[in-house]
Amino acid sequence: MTPPLLELDHVDAGYGPFRALFDVSFSVAEGRALALLGSNGAGKTTVARVASGLVAPTAGHVRLAGDDVTGVAAFRLARRGVAHAPEGRSVFATLTVEENLVLAFREGTKRGHPGVDASLASAYDLFPRLATRRGQVAGTLSGGEQRMLSLARVLVQPPRLLIVDELSLGLAPIIVSEVYATLGRIKAAGTTLLIVEQLVSHALGIADDVVLLTKGRTGYVGPADELGDLDAHFLG
Amino acid sequence: MTDLVSYAIRGVPIGCVFALMAVGVVLTYKTSGVFNLAFGAQAFVSAAVYYETRVRHDWPIWLAFLVAVVALGPAIGYVLDRALFRHLRTAPPIARLVTSLGLLVAIPQMVQIWFGNSPAYNPLGIAPDPGRIFRWGEYALDANQVATILVTLLVVAALTVLFRFSALGLRMRAVVESPRMSELTAINADRVGSSAWMMSSFLAGLSGVLLAPLFAQVEANAFFTLLVAAVAAAAFGGLSSIPLTFAGGLALGVLQQVLAGYLPSDSVVSQGLRPALPFLVLFLLLLFWPPLRGIGRAADPLAGVDPPPPAPAATVRSSGMTTMTRVLAVATVAGFVLAALFWFDAFWLLLFTKGLIFGVIFLSITVLTGMGGQVSLSQAAFAGVGAFATGQLVENFGLPVLPTMFLGALVAAVVGAVLAIPALRLDGLYLTLATLAFALMWENVLVPQTWVSSGPLGVDVPRPLVGPVDFTDDRAFLLLCLVVLALVGLLVLLVKRGTTGRYLDALRGSELAAASIGVDRTRARITTFALSAGIAGLGGGLLASQVGRATPTDYVFFLGLFWVVMVVTLGDRSVQAAITAGMSFLLVPELLSRIDLGFLPEILNPADNPAAIASILFGLGALTYAKHPEGILELQTRRSIERVNTWGAALARRRSATVDASDGPDPAVANGPGGPR
Ligand SMILES: Nc1ncnc2c1ncn2[C@@H]1O[C@H](COP(=O)(O)OP(=O)(O)O)[C@@H](O)[C@H]1O
Ligand SMILES: [Mg+2]
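In order, the protein sequences belong to chains A and B. Numbering-wise (this note's numbering), the first sequence opens with residue 79 and increments by one. Numbering-wise (this note's numbering), the second sequence opens with residue 1492 and increments by one.
Hints listed in this document are in silico derivations from the structure and should not be mistaken for laboratory results. Incorrect hints may appear among the rest.
[Stated by the list, open to error] Simulated coverage check for chain B against chain A, where a stretch passes if three residues somewhere in it have a Cβ under 8 Å from a Cβ of chain A:
#, stretch
1, 1660-1672
2, 1675-1687
[Unchecked claim] Residues of chain A clear of chain B, computed beta-carbon distances all greater than 10 Å:
#, residue
3, PRO164
4, GLY221
5, VAL299
[Said to hold, decoys possible] Facing chain B, from chain A, some residues (calculated, C-beta under 8 Å):
#, residue
6, ARG127
7, ARG167
8, TYR202
9, TYR258
For each residue, glycine too, the CB sits at the ideal point set by N, CA and C.
One chain only, chain A, in its complex shape (with noise of 0.2 Å):
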């Protein structure tokens, strides 16, 4: 049997003192989507944090395709095909739009480069107000499109995991819904997803697991269509 390409293993986390996660195990299989569900402080973004090598766990193991990368420098990890696009305004405000886009390619930034332009077409195809705005320096554009171009900026080069974290939050409706779909395309492209979201009714209608989060703990882990309902998980 394969192992999942993404595994926490009675993780605990937190920031400095403060404990964020308390014994959260779950895992996602090769190819599915899984939705991290959980009020505001829940612990969610923590969790993308864990999985991204950027907060590392105090307890507990974290393995990527069944290696143990527990403490695993992030960058290390972003090699490894893991994609994370954080939650709120993160793109690099002082670079322009395309040096944003440019810069997850290792093997050169420039134009010209096997790959570079490909990537850079299929971005643009993705978001077409980005392309009017290559040149234009990211922090002056709107709240909306610097989501878009923090989401491009994780897709330039397929990953193999990607984690988004509230990437509905601050899109317009119909933004989220073209997203979604893109979302979707990736997928069947064969990436991973680790969907954090309070939108519930997108992610749901995209993953294939679900992980109820409250307070830093793990409730419901398991399929999304045996999950019912959520009202019920929550006042529960």
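Use these hints to put chain B with the ligands onto chain A, whose structure you have.
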């Protein structure tokens, strides 16, 4: 016309070196957010090594250059990054500033220990044939100047290519903005940061070696003063544009030479203006230069990953504890005072009194750095302003000494308020730079003026005489200093508890949030800075009065730096720590001078070199600031309190366990003591 051009041409090589230093400063600021105050010290290191190898050991130019600049420069940068600045990438700006300040204090002394105290005359340049003159018509440059220009052009071209066109340049810019997000983009932020530090330190070494031949001898002070010119150039570039920075450096060099050529060398204007030029330019830029406005560093979108800084110890203390430490502190001071009054001999009496005065001066740092979260490099200058103003007012107008000291403090406070203006719209770094400019201008331009210092012997500041009480008696003067210290301490406590203190707390947390709840940043900033300058001025007056005069060598730039690192090392959050620091300032060198390690070479022996060793100790001590911003005194207090607390809790638990075994208090609360407020 010809004159003008030839003066201007003479300014080009100097301008080039300014530009190199400035670009180096901008480079680390851009890539690591560290405004490297130690840059001049690093330049000094390479200049000293080049001198040692090239002149004292007669190495060939290429080898000496290879060792002093190409190898040593980047090596120092690498070590600084690995050991210090890498870990500060997400620390608050003040932590980075204090760290580089600690280095600025410690490095030159360490070099001096190795380099020896014997003067290093006639430094050599890098040109193989220094006597050769290159001529174009009526204009001429010597070989060293031509070499300087060529090297600079080469460096600037390389840097432009790097930042404009290379992947490394792009990654560097990304890491500056958010190391965390860069990591998510598969960039090894640590490695990129290291390369930036190595490059910038290479520039430090290079400019040191190029600058050395402009002076008669290799010594650290020259490099600090030049740093101001470099900082002015960097400010011209808005601390970010390398071409503008370069242009600024060049323009400053040329302007200085042209002024030197045109102004009659004996006029007052020339004597005052020429040396003051870089300081004035820097100050004017800080005030009016638009590119500096509102740049700040773009906030890191992933700053939220970092845990909040730990609560200052005082807030986790129980009230009983606070009372206990206070009683203990008062008892200690009272004990010392009694001992001083009835038992100390004249020497220790003077020393102890001086310690109290330094307690006053150091409270000015408590106000500014501990409460206001800002770093001033000109506290010694403010003390000097207080002292000289007191002296001049007493001498020229026959005013009584004691009230005049407060008048002197007022003068210092006004100067402080003026200096604080650049910091109003701009971030705290600019305040530090303004104080750097002021401190060096004070020392190099103002103090030599006779209306300030009355010449090299200084000005009389007699002991006060109030009614029947004659403070020429050392014991009476001790009591006076004690009273002043108590009053100033009380004032600081009041400010801390009062509205201004609350404002400052809010500002320290988050400027943006504070502004949104209506905290008036302008008022809070000016108040603290003027108060701090005033306190320093008062202390300076007392200090002068103790010895009877204020002389030009009493309030030098370097002393002010040492004060700051000393206070932040020991603790800048409490009145108590400032007083302890005042005592240590005198006692530590005194104690060191009694540690006679005869087996060490003279220069390493504390008994022979107490001041240098103390500088190194506290300079390096300031490096702990990032980890323990409350200072080692507060840290120790906190540790002992925690120990007492756990011990007390264990005792209570045991007691309650014997009373009711089933119902003991639960000590294992996940987010218990020490957690966020
Ligand atoms: N940098 C931080 N320092 C201290 N506590 C934090 C930090 N970031 C998040 N927290 C706390 O951790 C808990 C979980 O936060 P988070 O993972 O962001 O929740 P969510 O994304 O589900 O809203 C919250 O209580 C939050 O206040
Ligand atoms: Mg969140």
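These are the hints, each one checked on the structure:
{"no.": "1", "hint": "1660-1672", "verdict": "holds (count 9)"}
{"no.": "2", "hint": "1675-1687", "verdict": "holds (count 6)"}
{"no.": "3", "hint": "PRO164", "verdict": "violated, 6 Å"}
{"no.": "4", "hint": "GLY221", "verdict": "holds, 12 Å"}
{"no.": "5", "hint": "VAL299", "verdict": "holds, 22 Å"}
{"no.": "6", "hint": "ARG127", "verdict": "holds, 6 Å"}
{"no.": "7", "hint": "ARG167", "verdict": "holds, 5 Å"}
{"no.": "8", "hint": "TYR202", "verdict": "violated, 18 Å"}
{"no.": "9", "hint": "TYR258", "verdict": "violated, 22 Å"}
Hint violations for this structure: numbers 3, 8, 9, all remaining hints satisfied.
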